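First to last, the protein sequences are chains X and P.
Following the numbering used here, the numbering of the first sequence begins with 226 at its first residue and continues without gaps.
Following the numbering used here, the numbering of the second sequence begins with 90 at its first residue and continues without gaps.
Fair warning: there could be bad hints in the mix.
Said to hold, decoys possible - Derived EDC-like pairs: lysine to aspartate or glutamate, alpha-carbon spacing no greater than 20 Å straight-line: (1) P:Lys524 <-> P:Glu432; (2) X:Lys385 <-> X:Asp425; (3) P:Lys468 <-> X:Asp338; (4) X:Lys300 <-> P:Glu830; (5) X:Lys280 <-> P:Glu830.
To be verified - Each pair of labels, with its calculated beta carbon distance range: (6) X:Asn340 <-> P:Ala387: 31 to 39 Å; (7) P:Pro417 <-> X:Gly336: 41 to 49 Å; (8) X:Arg442 <-> P:Asn825: 27 to 35 Å; (9) P:Trp425 <-> X:Gly356: 25 to 33 Å; (10) P:Ser515 <-> X:Gly336: 24 to 32 Å; (11) P:Ala829 <-> X:Gln291: 21 to 29 Å; (12) P:Lys468 <-> X:Gly356: 21 to 29 Å; (13) X:Arg442 <-> P:Met90: 27 to 35 Å.
Since the hints were made in silico from the structure, they are not lab data.
Note that the structure is predicted; figures quoted are calculated from it, not measured.
Where is the CB? At the ideal position from N, CA and C, for every residue including glycine.
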Amino acid sequence: MTSLLSGRGLVKRYGTAYALAGVDIDIAAGEVIAIVGPSGSGKTSLLHVLAGILKADDGTITLGGQRIDQLSETKRSELRRSEFGFVFQSGMLVTELTAEENVALPLLLGGRDRNMAISTARTWLVRLGLGGKEARRPGELSGGEAQRVAIARAIAHRPKVIFADEPTGALDTKTGHATVNALIEAAKETGAAVIIVTHDRELAAMVPRTVAIRDGRIEQPVTAL
Amino acid sequence: MQLALRVLRVDRRTQVSTVLTALGVAVATGLVLLLVSLPFATQSRAERTLWQNPSFWPSEVAHPTVSWAGSEDEIDGQRITRIDVAPLVDRADVPLPPGIDRLPAPGEMLRSPELAHLASGRPAAELADRFNASPAGLLGDEALMYPEQLVVLVGHTPDTMPANATELAALGDGEAHLDGLLALLAGVGVVVLLVPSLVLVASASRLTAARRERRLAALRLAGATPAQVTKMVAAETGLAAVAGAVIGVAVSPVLHSLATWVAWDGGTWFDHDFMLPWPVVVAVAVAVPVLVVGAAVAGLRRVVNTPLMATGGHTRKPLSKGRLLIVPVAALAFFWSLSMASESQGAMLPVLVSLGFLMWSPTVVGPWVTSALGGFFTKTWRRPSALLAGRRLRDDPKAAYRASAGVVLAVFAGSMALTLMPSLESEAGYFSQYKDNVLYLNTDTEHVGEVVSATDAGLRRYGLAQRAAQVGQVSLRGGPDGFYQGYVVSCSDAKVLLPTSPECASEPAIYAPSGVTLAGLRMESVSEDGAETTDTTETTETLMALPSDAKLVTSDSIGSVLIDPALLPSGAPLTSVDVAVPADDTSRESARTALLAASGGAQVISKEMKLGQQDTQLADLRRVTVIGLVTASVLGGLSAAIATAGSVLDRRRTFGALMAAGTPVRTLARALRAEAALPALVSTIGAGALGTAVGVGLFGLVSESVPVFSPWLAAPIVLGALVALLAASVCTPALNRVRAEPLADE
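All chains should be built: construct the whole structure from the sequences, respecting the hints.
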């Protein structure tokens, strides 16, 4: 499989401590992988570096063969807006907006007009089983429902890669698994790759490929492409 | 208290909030102490200068010890207060006020240090010679209204005192009266500046509000009682408030020291003028923190009653439309109190209370207006920034309005002041029967000849060409208009002294407006007790003894009757007699000196004297208005900036996630600016209109004229909008800090 997103020799330091100590990783288009590791292993740092939220101190990152690690913050921000989607542990929804407005927000920021953005948002909410709850506020949804709104927000603009950082951290096991399934199914529809960071090995077992990280290094060899 | 201290030790944002809250309380305490001290300062001035106040007349004096006369003079636009005294008992037995070591002997004078300094630098003809006395010492500070006051105490014998002298039991006898205008302004100032100060404090304490709410909500859910939660908040806020009050009291002498430089009624202040009685200081130092803690505890309603709702993200009940009623109710109360005040001549407390109520009303209406704005944007948005701003304004209008509350009040105060100022200025004016360049004094028929001769001698001595003229006045009845003011003055003198005069005849004549005949006029006599009498049977023979064959010249260019002195029969009833001298800019001060020296203390009247007091008063009003407006605007801008920054911090995680997902800072900044600026723009326009209406109402208390509306009325609104936008722009730096670590918790 051709690599969509690759990282080579990634290093990230915080003072004298290494969050990443030379990581190589490849993710193919449409692939779903889980990055697992204990607390402080560097899994979240790896996610943030691959997503362009943090800049690596060393190493290279390519997306579709183009280097993206050297882009300016403005360009990286543009990239995150157009090519990437994010699902955070607590959803991080805007509490003042309704469910459909939260989902439409990235589309609006990308320049889509209001009607198209809202229509797309409603479509995805229905697909994720939230039909009839478009006008609800995040505080009026259950934890699982809020995470599905976050998934819809992450996927509505058809990104190439979805980054999910502990997406089930605040959910019970059953709801968590249902959420991950919803994420994987939604990604399949659009062909997006999904990178899930989790400490939950049971959850990691649900996805086709798992990468273990410890002390800033990949523990297991990367599966050959 | 232990919990409050622990939170303060470990949480950086709480530390920042505590410091800002303490600073806000310090500002509020310092401002209130300063404003409350103003009436005491004017009282202090009034008590020091009881011996100078020419408007005070004691009702009865059983054992007078001193004859006293007061007048005002001026030089180069500066007021000179002149007091003439003569002992009625042994000079050593005359009670003297502080600052006056001894009563000056006849021909001696005591001068204020500034007057002595001024006189040493001017020719005697322009100043020193006015007093006809030799310097015998200086007046002490305890006898002066302000440090740079120009005041002189001239000694006489009782028979050389001015005609208007009165007898007093002691020099400095009487009761001091407050400067009512400054007391009113101090009251208005307390209302106008205390509220923005408290809004600043509220904004500072709200930096931690969301986090504190969550913490307290968690404690409530864990079983803490409402009383325990209330005590915790009181302890947290109380720490900052007490510290702030102590700082405010400590730095208030600095504020007072700065205030001594702000001139009022002609001069600056002594440091000790602003000293407050200790009970007042303690009362203010206690009241301000109590207000602050009370407001913090009142804000706990949501946490105490519905701790689950404090976690946010729920659709809230919209604000009641009934809030809109508060403005007309407050306005009605204010205008009712105004009508009561104008009827009862000075019931100002209800006016001030209702003014405060009116100024509080935007706090109630403002959030509703903000919510309505938000509702408008949530229905009509096209850009994401408009959606975010609209939802935020709709979701939490109180928080959104809070950012602009201080600015709104500054606009209200500014509009009120700028409605009053031009209107009061238009009231200023000067009317005189003489031309603008004429100096004159009033005397009696017995002494007028001496005064004229002595004035002319002085004018000759100073090398001046002009001469003094005697101008008598009579009241005339009859003619087409029924009443005429008559001046006993030659036509040539009238041309020099009066604003309008006819073409002069070649012989002595009587000049009158067209339509007047000599036969139709009669003089009114004034009896000894000042009552007017008319005795028609004696009129023809004794009151109007004008020669029937006197030349009469009528003219359309005059409105009064001019009678040549040669035609006035002896014993004619003059109502008053003036000695008048024309002067130009170069001869003005010397001419004034000649008149004053000749009159021995009579009041010389001129356009500068009459307008000077009005100009001083208006300049004082303008000065304090500008200082008040700038102070309120700074406070408003600071509170708006703190509130906006706090709003970003409260939503740090959400903004961070949006930025991590690629939302440009400029989009979020645009939304935040709209959130902060829109309510401020709408509210400032409303506050401007309300302030203007209040200004019109207050002007109506002092005048029946139509108020003058100046284009400067737009200035407070523009200032308010600019301050709001400026304060809103602090969100970009705040967002940039979030962008540095978008997914960090703090």
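| field | Pair hint Lys524 (chain P) and Glu432 (chain P), alpha-carbon separation not exceeding 20 Å | value | Violated, at roughly 38 Å.
| task | Kindly confirm whether 25 to 33 Å is satisfied by the beta carbon distance between Trp425 (chain P) and Gly356 (chain X). | result | violated, 58 Å
| message | Quick check on a hinted range of 41 to 49 Å for Pro417 (chain P) and Gly336 (chain X), using CB atoms only. | response | For Gly336 (chain X) against Pro417 (chain P), whose Cβ atoms are near 46 Å apart, the range 41 to 49 Å holds.
| field | Verdict for Arg442 (chain X), Met90 (chain P) (Cβ pair) under range 27 to 35 Å | value | violated, 49 Å
| message | What's the verdict on Lys385 (chain X) and Asp425 (chain X), does the C-alpha distance respect the 20 Å limit or exceed it? | response | violated, 25 Å
| query | Is the hinted pair Lys468 (chain P) and Asp338 (chain X) satisfied, with a Cα-Cα distance of at most 20 Å? | reply | It holds: about 15 Å lies between the C-alpha atoms, which stays within 20 Å.
| field | Range hint compliance [Cβ, Ser515 (chain P) to Gly336 (chain X), 24 to 32 Å] | value | violated, 57 Å
| Distance restraint evaluation - Lys468 (chain P), Gly356 (chain X), Cβ atoms, bounds 21 to 29 Å | Since the Cβ atoms of Lys468 (chain P) and Gly356 (chain X) sit about 23 Å apart, the hinted range of 21 to 29 Å holds.
| query | Regarding the pair Lys300 (chain X) and Glu830 (chain P), is the alpha-carbon distance no greater than 20 Å? | reply | holds, 17 Å
| query | Would you say the C-beta atoms of Ala829 (chain P) and Gln291 (chain X) sit inside 21 to 29 Å of each other? | reply | holds, 26 Å
| query | Do Arg442 (chain X) and Asn825 (chain P) keep their Cβ atoms within the hinted range of 27 to 35 Å? | reply | Holds, at about 33 Å.
| Falls inside 31 to 39 Å, the C-beta gap from Asn340 (chain X) to Ala387 (chain P)? | For Ala387 (chain P) against Asn340 (chain X), whose Cβ atoms are near 44 Å apart, the range 31 to 39 Å is violated.
In summary, the structure is inconsistent with hints 1, 2, 6, 9, 10 and 13 from the numbered list given earlier, while agreeing with the others.
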